[in-house]
Amino acid sequence: MELMNNYKETILIVDLDAKQCDTESLSEDMVAAGLGGAGITTALYEQYKDRDPLIIGTGFFTGTFMPGGCAGVVSAKSPVTGKLCHVPFGGYAAVELKLTGFDFVVVLGSSDSPVRLWLHDGLSDLDDAADIWGKDVWDSVDKIREAYGDEMIQLLVIGPAAEAQSKASQFSVNYWGSFDKSALGAVFGAKKLKAIALRGLDSLDVAEGFFGACVDLKNAICAGAISGKYGLKDIAKDIGIDAGAIEKLASMTHRNNAAYNCPYAAAAFVKYNEAPTAVDMKGHPAPGCLITDIQGFAALHGAGLDAGQAMEQCFRQGIEPEAAAKAGKTDGVSADAGKAGAFSTAVPVSIFGSGQGDAGWQKRQALAAVLGIDPMLMVMAPEITEAKIVELVQMSAEWDDFSAEELDRIASAVIAKSA
Amino acid sequence: MDLKVDSLKCTGCRICEFACNYHQDETISSIGSSLMFYFEEKKNYYGMMVKRAKTLYLGRPEGEQLLKPGEQIEGAGASAKPILLRVACDCCADEDDGPLCVRACPYGVLSLEG
Chain A
1 MELMNNYKET
11 ILIVDLDAKQ
21 CDTESLSEDM
31 VAAGLGGAGI
41 TTALYEQYKD
51 RDPLIIGTGF
61 FTGTFMPGGC
71 AGVVSAKSPV
81 TGKLCHVPFG
91 GYAAVELKLT
101 GFDFVVVLGS
111 SDSPVRLWLH
121 DGLSDLDDAA
131 DIWGKDVWDS
141 VDKIREAYGD
151 EMIQLLVIGP
161 AAEAQSKASQ
171 FSVNYWGSFD
181 KSALGAVFGA
191 KKLKAIALRG
201 LDSLDVAEGF
211 FGACVDLKNA
221 ICAGAISGKY
231 GLKDIAKDIG
241 IDAGAIEKLA
251 SMTHRNNAAY
261 NCPYAAAAFV
271 KYNEAPTAVD
281 MKGHPAPGCL
291 ITDIQGFAAL
301 HGAGLDAGQA
311 MEQCFRQGIE
321 PEAAAKAGKT
331 DGVSADAGKA
341 GAFSTAVPVS
351 IFGSGQGDAG
361 WQKRQALAAV
371 LGIDPMLMVM
381 APEITEAKIV
391 ELVQMSAEWD
401 DFSAEELDRI
411 ASAVIAKSA
Chain B
1 MDLKVDSLKC
11 TGCRICEFAC
21 NYHQDETISS
31 IGSSLMFYFE
41 EKKNYYGMMV
51 KRAKTLYLGR
61 PEGEQLLKPG
71 EQIEGAGASA
81 KPILLRVACD
91 CCADEDDGPL
101 CVRACPYGVL
111 SLEG
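Chains as they are written, first to last, in our numbering: chain A, 1 to 419; chain B, 1 to 114.
There could be a bad hint or two in this list.
[Said to hold, decoys possible] In silico lysine-lysine, BS3-like type, Cα no more than 25 Å apart, as pairs:
(1) A:K83 with A:K49
(2) B:K9 with A:K248
(3) A:K282 with B:K51
(4) B:K9 with A:K229
(5) A:K282 with B:K9
(6) A:K248 with B:K42
(7) B:K4 with B:K51
(8) A:K167 with A:K192
[Unchecked claim] One side of the interface only, derived from the structure: several residues of chain B facing chain A at Cβ under 7 Å:
(9) R14
(10) T27
(11) I28
(12) K42
(13) N44
(14) Y45
(15) P61
(16) P106
[Claimed, not checked] A few chain A positions that, by computed beta-carbon distances, are all more than 10 Å from chain B:
(17) E28
(18) Y48
(19) G109
(20) G122
(21) R409
Because the hints were derived from the structure by calculation, they are not lab data.
Every residue gets a Cβ at the ideal spot worked out from N, C-alpha and C, and that includes glycine.
Whenever a hint applies, use it, and build me the whole structure from the sequences.
Structure (structure tokens):
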């Protein structure tokens with residue numbers, strides 16, 4: 001097994017009680033046992049269970065040429081379910097985390113004052129966050145990027161709802177909320193951890209032939225179930241979202257965005273402060289927001305709220321949109337929407353006819369969380385077969401005896417231990 | 001031959017940057033790429049810059065533009081500057097199957113012209 005094509009081989013341990021950071025090696029034994037992502041965060045959770053761990057992990061293929069290799073996972077005990085759950089995060093944040101030089105971050109205990117964690121260039125700084133505690137997510141993102149002097153810094157950050165440890169809260173990826181339906185934002189809040197800021201300028205090696213094999217798989221995905229489909233609107237139509245909500249989404253959509261290396265653009269940037277057709281650089285400084293959680297958007301529309309503006313309010317306060325829709329408002333929301341689970345229910349069970357039922361969905365989500373593949377793509381791209389995954393793991397890590405049985409064992413263990 | 005960007009087809013997945021870096025130094029990263037993703041996140045304004053031998057090519061949503069050394073775009077943020085230090089695009093002249101960025105892009109954003 002050769003780890004350097006997939007990992008930087010470093011785990012960061014952040015002890016908030018002592019306000020200290022330390023590192024451990026990511027060993028071949030740990031990768032053999034759990035492969036990556038949730039397979040390893042689950043093992044770390046069990047190792048540190050008595051210190052209420054919050055674990056951020058990158059998947060085996062995060063940041064590689066594997067199509068959809070954009071995802072990381074936040075693993076912790078959900079304040080809603082009381083059980084271990086795994087929330088995916090994408091965009092560029094997980095890639096940025098791996099390229100900081102840290103594959104996994106284990107946050108233990110709690111701080112007696114607000115802090116933010118700044119990871120960059122193989123360094124970890126635990127900085128005071130009193131200046132942004134109480135500020136909304138958008139202000140916090142702006143202030144952190146300004147403080148560290150880089151517009152491309154990626155963030156996992158919380159707003160006032162999670163600071164107050166609300167079960168209706170979620171952590172946010174940059175400005176735009178997340179797939180957190182399990183109130184893991186409140187775990188950040190309980191630890192007084194306002195944000196994790198990431199800027200990675202490191203690199204990964206690449207196995208011989210891996211680039212070409214990934215291009216071939218990308219071409220097969222593009223010619224497969226997603227062929228002829230485009231953007232969040234087509235997903236919304238396929239999963240039976242209310243026609244009025246789809247019309248609202250379509251009327252405001254500016255561009256559809258894709259996460260790192262994703263062959264399907266599953267996020268819609270909607271504009272409501274200027275014309276959606278405006279492409280000029282000099283337009284409104286904050287013309288709208290990025291929608292990834294179509295079910296949250298539809299729920300807010302169904303609750304009679306202006307869905308675009310309501311999503312912005314949820315993002316700013318760090319409130320899970322379906323919880324806000326259930327309450328019929330975007331402030332003072334305290335109850336969750338009842339959507340918490342081991343994996344994020346923001347991901348539909350079936351997209352473009354490619355679902356495999358509830359059990360199949362759970363296994364695909366477990367694999368996505370282990371491998372670092374976009375969880376939506378894992379549902380809508382049956383071309384990412386388990387045989388193809390095994391072939392690419394073998395190739396990337398020069399690990400000839402990795403088998404389908406091992407992949408199945410790892411996914412099953414993640415599911416069993418978070419149930 | 002030069003690389004051309006059809007910016008309105010771009011979804012911002014950025015795999016082209018990483019593919020280019022792989023061509024330049026056989027690793028996955030974005031810092032050695034001849035292409036650079038320019039992004040103003042809150043406006044969702046994005047496009048690609050390509051470092052050419054004597055010019056900087058901008059594939060922007062408003063259209064294409066060529067800049068000479070020293071020229072700057074009005075309103076551009078700090079992230080527009082570091083590409084001037086990068087290696088110029090060679091259109092992957094030594095690659096049998098064409099430029100890696102073109103092959104990696106799922107959206108048909110990139111092509112060769114000239």
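Of the numbered hints stated previously, which ones are contradicted by the structure, given in increasing order? Violated hints: none; all satisfied.
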